[in-house]
Amino acid sequence: MDIQLIANFAYILSAILFVFGLKLLGSPATARKGNLLSSLGMLIAVVAGLSAEGIVDYKFIAIGLIVGAIIGGSAARLIEMTSMPELVALFNGSGGAASLLVGWATLYGTSSISTFTAVSLILAILIGGVTFTGSLIAYGKLSEKMTSAAIVFPAQRIFNSLLLMALIGSCVMLAISPSPDSIWFWAVLGLSLTLGIMAVIPIGGADMPVVISLLNSYSGIAACAAGFAINNNILIVAGSLVGASGMILTNIMCKAMNRSLANVLFSGFGAVKQGKAIEGEVNPISVEDAYYILEAASNVCFVPGYGMAVAQAQHVVKELGEILERNGTEVSYAIHPVAGRMPGHMNVLLAEADVPYEQLLEMDEINPRIENVDVAIVIGANDVVNPSAREDESSPIYGMPIINVDQAQTVFVLKRSMASGFSGVDNPLFFGENTRMLFGDAKESISAVISEFS
Amino acid sequence: MDIVFLTFILVLSVFLGFELISKVPATLHTPLMSGANAISGITLAGAFISAGLQNNEMATYLGTAAVALATINVVGGYLVTDRMLAMFKSKKSGAK
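Chains G and V are the protein sequences, given in the same order.
Residues 1 to 454, numbered by the working numbering, are exactly what the first sequence covers, in order.
Residues 1 to 96, numbered by the working numbering, are exactly what the second sequence covers, in order.
Only chain G is shown next, with the shape it has when bound in the complex (with noise of 0.2 Å):
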């Protein structure tokens, strides 16, 4: 009765933790002892835990601890900043399936189980297998294991709705009578995994970054649900802080492109209709020239979009930024809320590339004074950029706010070749009488660029 009194009060002590953790996440400059202190309230969780009261025995939770923690601890050392979508991905599912697995052996556990522990913890295995597919799939998009436009079929909304109508159906006969072994626990389980799977096919790559966010939240609620069903508060605590978190950034996420949450999730974003196609010239520059007019400006501006993670280009455009600084030119890196496949992508990459955070700009900063940027260099971005979005009624993306880098003095556009963006969308900022278009891989042509310099 004691060690369960200590417990407790463990548990409260890491929940303020786990508070404290992410409030010094606040800044960049405490952040990383914000990360240490969660993690001490986790070790403290964990150990609490393992003093719970009936575990008999150790020998089955170090083998999936020691299993676990090398498994963790190689993904955490050995991945490319790049891969960071995919695996914050494969994280979330693993999350989910853990509280999938509890919720399921809970159901094992007791003799007699009560509605509102059968509720929690069907909640619980539907939650969790929602969130272990659907990462699953997201992984396979984002990895592109798998390809990573919208996957559509005919009825696909009628399918999905029937299959929607046969999970709660299920899980309404599992709640009333709970037992591992009723053929209606083997449907929810199932049904839950193909729920997943459905949910996520449809979504297009550029939509990840909303997809991501949705399922590191159900990775809490889930958690959550768990807790409810065990009767631990600090699951409870600790899935509704991540739960929230992922609501958060889902919400930013949405915003950012000025779709509700529900056009995300049920439309593909091929079947928009389309906007006024754009005719003009592009103007092409030679790397001379684009060199030239770097060496005079006094303020640059890049915008990197996915483009930029894809060609590995974030060192040489911090080599050109620093070459630049030297040069007396003021630099900055402005970054829109979905550039990438998942929120602050960017921002890693170019923090792994040396460059300081307050170089870092967010898209309400840059946008005021953009008319004072004398060059912006867009590397690998389209749609944030994308006029259309303010001007053209009838483009599919009008309303999502952008970073108006037509209205700096020039923009330098990087590009592989002339295709529209991932939405499919045209883009008339190619068009611009300010524009000047820098073909070739985006990599190639920043080192041909510092080379002038040289």
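These are calculated hints, taken from the structure and not from any lab test.
Since the structure is predicted, the reported quantities are computational estimates derived from the model, not experimental observations.
For glycine and all other residues, C-beta sits at the position ideal for the given N, C-alpha and C.
There's no promise every hint is true.
[As the list claims (entries may be wrong)] Keeping only pairs whose Cα atoms sit at most 27 Å apart, straight-line, the calculated BS3-like set for lysine-lysine is:
| # | chain 1 | residue 1 | chain 2 | residue 2 |
| --- | --- | --- | --- | --- |
| 1 | V | 89 | G | 33 |
| 2 | V | 91 | G | 33 |
| 3 | G | 23 | G | 33 |
| 4 | V | 23 | G | 255 |
| 5 | V | 23 | G | 23 |
[Unchecked claim] Pulled from the structure, derived: some chain G residues nowhere near chain V, Cβ distances all over 12 Å:
| # | residue |
| --- | --- |
| 6 | 71 |
| 7 | 166 |
| 8 | 197 |
| 9 | 263 |
| 10 | 371 |
| 11 | 399 |
| 12 | 410 |
| 13 | 437 |
| 14 | 453 |
Take the given structure of chain G and dock chain V to it, following the hints.
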């Protein structure tokens, strides 16, 4: 009574979560997500009970798998978050 008590905790934590997270700057959103991943590994505390009770063989196996998966989250999540945050440098503290 349990229901009321647990729901009370849930509601307060959600509000606290919203307050805290909305103050995290956009530049730290990726570390925030991987850090949240690590915290969601808290399921570990529940998984211990399933893996250690030994009153049903199947529950033990399921619990062990849950322990392994949650540990991946905890260990992997904290390590990779730390690795990322170590890269965020200020101009003053001077990368170079």
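Residue 71/G clear of chain V by more than 12 Å, beta carbon to beta carbon? violated, 5 Å
Are the Cα atoms of residue 23/V and residue 23/G separated by 27 Å or less? Holds: residue 23/V and residue 23/G sit about 8 Å apart, inside 27 Å.
Nearest-CB test (12 Å) between chain V and residue 437/G: holds, 29 Å
Over 12 Å from every CB of chain V: does residue 399/G meet that, or does the non-interface label fail? holds, 20 Å
For a C-alpha distance cap of 27 Å, please report whether residue 23/V and residue 255/G respect it. holds, 17 Å
Run the C-beta distances from residue 371/G to all of chain V and say if the shortest one exceeds 12 Å. Fine: 23 Å to the nearest Cβ keeps residue 371/G off the interface.
Between residue 89/V and residue 33/G, is the straight-line Cα distance small enough, at 27 Å or below? holds, 14 Å
Is the Cβ of residue 453/G farther than 12 Å from every Cβ of chain V? The assertion about residue 453/G holds, with a minimum of 18 Å to chain V.
Quick one, are residue 23/G and residue 33/G close enough, alpha carbons at most 27 Å? Measuring from Cα to Cα gives roughly 10 Å; hence the hint holds.
Exclusion check [residue 263/G not at the chain V interface, CB over 12 Å]: holds, 21 Å
Assess, step by step, whether the Cα of residue 91/V is no farther than 27 Å from the Cα of residue 33/G, and give holds or violated. holds, 19 Å
Non-interface claim for residue 166/G, where every Cβ of chain V lies beyond 12 Å: Holds, because the least Cβ-Cβ distance between residue 166/G and chain V comes to about 24 Å, which exceeds 12 Å.
Hint 6 from the earlier list is the only one contradicted by this structure; the remaining hints agree with it.
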